[in-house]
Amino acid sequence: MNLYEYMGKEIFRKYGIPVPDGYVTEKPSDTREYKKPVVVKSQILLGGRGKSGGIKFAKSQEDLKNSVRELLGSKIRGLQVTKVLVEDMINIKHEYYVSIALNRSERSPVLIASSAGGVEIEAVPQKDIFTRKIDTLLGYSDFIGREASKFMNLDKNLSSQFRDILGRLYKIFVEEDCELVEINPLVETAEGKLVAADAKIVMDNDSMFRHKEINITDPEKTPLELEAQSKGYAFVELDGQIGVIANGAGLTMATLDALTLHKGKPRNFLDLGGTDDVETVANAFDLVLKANPKAILINIFGGVTKGDTVANGIVMAKKRFNISKPIVVRLSGVHEEAGREILKQNGIESYPTMMEAIERVVKVAGVSQ
Amino acid sequence: MTVLVNKDTKVIVQGITGHQGSFHAGEMIKFGTKVVAGVTPGKGGTKFQDTVPIVDSVVDAMSFEPTATMISVPAHLVRDAAFEAIDQGIKLIYILTEHVPFHDSMDIVHEARQRGLTVIGPNGPGVTVPFECKIGIMPNQIFKQGDVAVASRSGTLTYEIVEAITRSGMGESAVIGLGGDPVVGMTYIDVLKLFEADDRTRKIVLVGEIGGNNEELAAKYIKEHVTKKVVAYITGRSAPPGKRMGHAGAIIEKGVGTAESKIKAFTDAGVQVAEYPVDVPKLLK
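Respectively, the protein sequence lines represent chains A and B. Quick note on numbering that gives the first Met the number 0: the first sequence kicks off at 0 and runs consecutively. Quick note on numbering that gives the first Met the number 0: the second sequence kicks off at 0 and runs consecutively.
No wet-lab data here; the hints were simulated from the structure. Note that the Cβ used here is the ideal one computed from N, Cα and C, for glycine as well. Hints may contain errors.
What the hints assert, rightly or not - As a list, the in silico DSSO-like pairs of lysine-lysine whose alpha-carbon atoms are at most 27 Å apart:
hint, chain 1, residue 1, chain 2, residue 2
1, A, 126, B, 253
2, B, 222, B, 6
3, B, 222, A, 132
4, A, 293, B, 242
Unchecked claim - Just a sample of chain A residues kept apart from chain B, beta carbon distances all over 12 Å, derived:
hint, residue
5, 13
6, 17
7, 58
8, 92
9, 127
10, 130
11, 281
12, 331
Same shape as in the complex, but just chain A:
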């Protein structure tokens, strides 16, 4: 789960990482009185907001009011701006980069730091990037900060501030269940202070039961994907014509791949998961039908999810949603015979193998070449 910059900065503040003074506003009328130069930043969950005009600078009361009004109504890269962050301008002497992220193959956090901040880290040459695994049993310790400081040529004053920030950043990474905590840029001010000018925090979706206060709607999810999420289905919308329902993430992906190799483009990814509930099967059709596919393919390898349960769910869905579109079913594994018999009695075609079902559905959807 991606946090908005202002939320990240609230967390930074709570953990003692220096951030510029500022406030969030949703209405132009809530803009506070102008006292000194400020920066007005759109709160959206996509990168590149500066280049897209989502950040404005204000040097007068007039400027400030106009900037807030303009940004609050605007759309940036298709996303409506509903909140802006108004922050004191800082005097930038230099910009650094620092982050702690999960490294999957090491199964450990990794510290990434660079003297070349303010640009995407992917654009920085490898030789200018300090990367170091953090042993979770040892946790963060000052020696790691000393190694990074030396690499970045930080003087004594900056290194001391930097190491203090690293310790707090690691604490956030662990205590807030983060996949990523990033400060870019970490600004060295003209006064010689390090300040987090931006905050990017990505939290682990599976940890949200420990962070109930945070609830953000993913802006990159479509309305149908959000509906599926609320109903407990793993669902992704795609741009093809064939609706797909399968069980298990790996098998569902393999089904999409096989369809694609057969020139039949999938309309969606829907993983039923391990279920033995007829309603769960039936309601999956509701979502797929809303995506308006030309045909629907069901690919089930029965185990926990049994063949007869799936068949009953399909029959129930066909009646409940009055489905006239072609349905092609592949049933294999536990109770496959019973399942196929139920389908046959209800005039729904089924196959024992995935390839037969794939070939058939591509044909009936009329998208084969």
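Using the hints, position chain B against chain A.
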């Protein structure tokens, strides 16, 4: 010698009275697995299926001398359950549960490794050596004893491939599901070492998917260290970047973890990659 488990492996099930735990414990017993006890706090003194004793804690279960555990408890309780097993030094810890916070998984995996214990999962189907021992949720009827070892990150897709191998007339020496999460106990390299050392295994199948770079690391390892024949299947060729495809770990991020990259890495390492799951047995022949 077999991979991780054999007919003498004594298994306990933490969460044996739960919906999943009880169903799969029953299936494991049918397969022939020695399930020596179940653990459910507060239900000690009762029995599972009138035969398997249920105890309140892993400490209490130690009198049955278990060397492996299956953990099937809700996600927020997994850390505690796994630490309980680690604390008692249980050699093999398999976690079935999905949606475990990865910070918990990181702690579990590193604490276990420190003590020389093995973690399988979370969020995978477990380990099976036909017909000696099954710990996990793989369907009993898809196996046949043979010389093909399979490692995968997913469940049903593994069954699909195992069944295809069995139908082709071959059989399996071991099947391991690593788990679909970004942080899991075993890597492909860990299992490749086990498969290479296993006398029964002559051929190896790696089933990979989008996300991370463990397949790429495996390909490099195979090129340098594995003498047995290896074939692969990679799923997620048609997945769009930035979207989580069901598994928490199945996501292409900033260009890392694409199917193309994994297929290329395997091909470069001399590992043939099947286009469809059913093609795997053809490549093994």
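Against the structure, the hints come out as follows:
no., hint, verdict
1, A:126 - B:253, "20 Å, holds"
2, B:222 - B:6, "33 Å, violated"
3, B:222 - A:132, "26 Å, holds"
4, A:293 - B:242, "23 Å, holds"
5, 13, "19 Å, holds"
6, 17, "26 Å, holds"
7, 58, "36 Å, holds"
8, 92, "29 Å, holds"
9, 127, "18 Å, holds"
10, 130, "14 Å, holds"
11, 281, "20 Å, holds"
12, 331, "7 Å, violated"
Checked against the numbered hints listed earlier, the structure breaks hints 2, 12; every other hint is satisfied.
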